[in-house]
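Required output: the full structure, derived from the provided sequences and hints.
Letter by letter, the chains look like this.
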Amino acid sequence: MGQILEINGLTKAYKDVTSIYQMSFTLKENKIYGLLGRNGAGKTTLMHMITAQLFPTCGDVKVFGEEPYENTRVLQQICFIKESQAYPEYFQISDVFATAKSIYPNWNDGLANQLTQDFQLPLNRRIKELSRGMLSSVGIVVGLASRAPLTIFDEPYLGLDAVARGIFYDRLIEDYAEYPRTVILSTHLIDEVSQLLEHVLIIERGELLFYEDAESLRSRIYSVSGSSEVVETYMKGKEVIHVEKIGSLVTVTLLGKKEENNKKQAESLGLEYVPISLQKFVVDLTTKSREKVVKGQ
Amino acid sequence: MAQLPEDGRPIFVQIAEKIEDDILEGRLMEESQVPSTNQFASFYRINPATAAKGVNQLVDQGILYKKRGIGMFVTEGAQEIVKQKRRELFYEQYVVTMIQEAKKLGITIEQLTEMIQERG
Numbered sequence: 001m002g003q004i005l006e007i008n009g010l011t012k013a014y015k016d017v018t019s020i021y022q023m024s025f026t027l028k029e030n031k032i033y034g035l036l037g038r039n040g041a042g043k044t045t046l047m048h049m050i051t052a053q054l055f056p057t058c059g060d061v062k063v064f065g066e067e068p069y070e071n072t073r074v075l076q077q078i079c080f081i082k083e084s085q086a087y088p089e090y091f092q093i094s095d096v097f098a099t100a101k102s103i104y105p106n107w108n109d110g111l112a113n114q115l116t117q118d119f120q121l122p123l124n125r126r127i128k129e130l131s132r133g134m135l136s137s138v139g140i141v142v143g144l145a146s147r148a149p150l151t152i153f154d155e156p157y158l159g160l161d162a163v164a165r166g167i168f169y170d171r172l173i174e175d176y177a178e179y180p181r182t183v184i185l186s187t188h189l190i191d192e193v194s195q196l197l198e199h200v201l202i203i204e205r206g207e208l209l210f211y212e213d214a215e216s217l218r219s220r221i222y223s224v225s226g227s228s229e230v231v232e233t234y235m236k237g238k239e240v241i242h243v244e245k246i247g248s249l250v251t252v253t254l255l256g257k258k259e260e261n262n263k264k265q266a267e268s269l270g271l272e273y274v275p276i277s278l279q280k281f282v283v284d285l286t287t288k289s290r291e292k293v294v295k296g297q
Numbered sequence: 001m002a003q004l005p006e007d008g009r010p011i012f013v014q015i016a017e018k019i020e021d022d023i024l025e026g027r028l029m030e031e032s033q034v035p036s037t038n039q040f041a042s043f044y045r046i047n048p049a050t051a052a053k054g055v056n057q058l059v060d061q062g063i064l065y066k067k068r069g070i071g072m073f074v075t076e077g078a079q080e081i082v083k084q085k086r087r088e089l090f091y092e093q094y095v096v097t098m099i100q101e102a103k104k105l106g107i108t109i110e111q112l113t114e115m116i117q118e119r120g
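Sequence order for the protein chains is W and V. Heads up: the first sequence is residues 1 to 297, going by the UniProt record's numbering. Heads up: the second sequence is residues 1 to 120, going by the UniProt record's numbering.
If you're looking for bench data, these hints aren't it; they were derived computationally from the structure. Using N, Cα and C, we set each Cβ at its ideal position, and we do this for glycine too. A hint or two may mislead.
In silico lysine-lysine, PhoX-like type, Cα no more than 20 Å apart, as pairs [unchecked claim]: (1) W:K257 / W:K280; (2) W:K31 / W:K62; (3) W:K264 / V:K104; (4) W:K28 / V:K53; (5) V:K18 / V:K66; (6) W:K258 / V:K53; (7) W:K31 / W:K15; (8) W:K101 / W:K62; (9) W:K82 / W:K101; (10) W:K31 / V:K85; (11) V:K53 / V:K67; (12) V:K67 / V:K103; (13) V:K53 / V:K66; (14) W:K258 / W:K245; (15) W:K263 / V:K104; (16) W:K245 / W:K257; (17) W:K264 / V:K103; (18) V:K53 / V:K104.
The following residues of chain W were derived to be distant from chain V, with all beta-carbon distances above 12 Å [unchecked claim]: (19) W107; (20) L121; (21) P275.
Structure follows, in structure tokens:
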């Protein structure tokens, strides 16, 4: 299958901070990727470089085999929906859609109309009169209806409630199933999207910590709890992500190897084995271990 | 839309099990058409590739079969195949865990047998 994005030694450094450091990876055609990490991890900087809105300090980005900078052929195949997308204030919603239609060759009016109804968007209302949620919905309509071969959503849901987010996920899956494309979803709401993702990229402090098949990663992450001595015995030689102590009870988050039967091993020691969600894993991975002291014990 | 539980098992396994349940309980009859992988993906809000993996697993086991250009169907005799498969799992999944839990609680095998007989 074709590669649509190739990143090599990509670095973005500012005067006193490096936001992306020596990052290299490739993305394949027609898959859904999750770009996960905390605020400030470098996700948005990375997406800005992929979409030619920011120059790298060094390293290179190739999208569809070409440099994206001032390259119309490449840029009309990328649709990037940002957290706070700025449209001209005097535009009506219909003007935004007309502009998008003129940029993206695969734009589909039928889908745009359907989504407009789903989100109950008033087409002739001006951008400056829209609520935060409506603005986000406009972005989602553009992102989906453009059917761009590389579609990137960077926290597209500011102001959207659970129902509207549900509509977004449903329409994304339906349309992607029929018109496959590469989608990058960058979000904090990992639990909501984890089952949509085929691969996950976890970024922390400008570095790519994980790039793995979502299902494979999910099967490797778990936690065990028990008394500290037993847990410590169990932990030996294993990759420990996070440790939490409450009195004499210890809970550790671990990253197992695929072929190991971690569950059996833990349970044979009398430890409690719990599979954990991708969201908990990312939180634990990017939080420093802390000791919880329960008072009064 | 239905949500699959986050129980640590791969999603494609859970999808395959849901389809098997439908066959076992007669919601999906033999020789009837099953929803497409895209319909499964939308319904469970999962990646279509994952849904396809679950469905293909059942094709490999002879529980579903593909009719070219039409879709996916339940094989004749599928219910029996699923039953056989589940019976093999039954001992590990239910009997062994039940006895383990009973031991923890100090329930004897005799008491356990009695409970089963009462219930059955």
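Index of numbered hints that the structure contradicts, given in increasing order:
7, 8, 10, 12, 14, 16, 18 and 21
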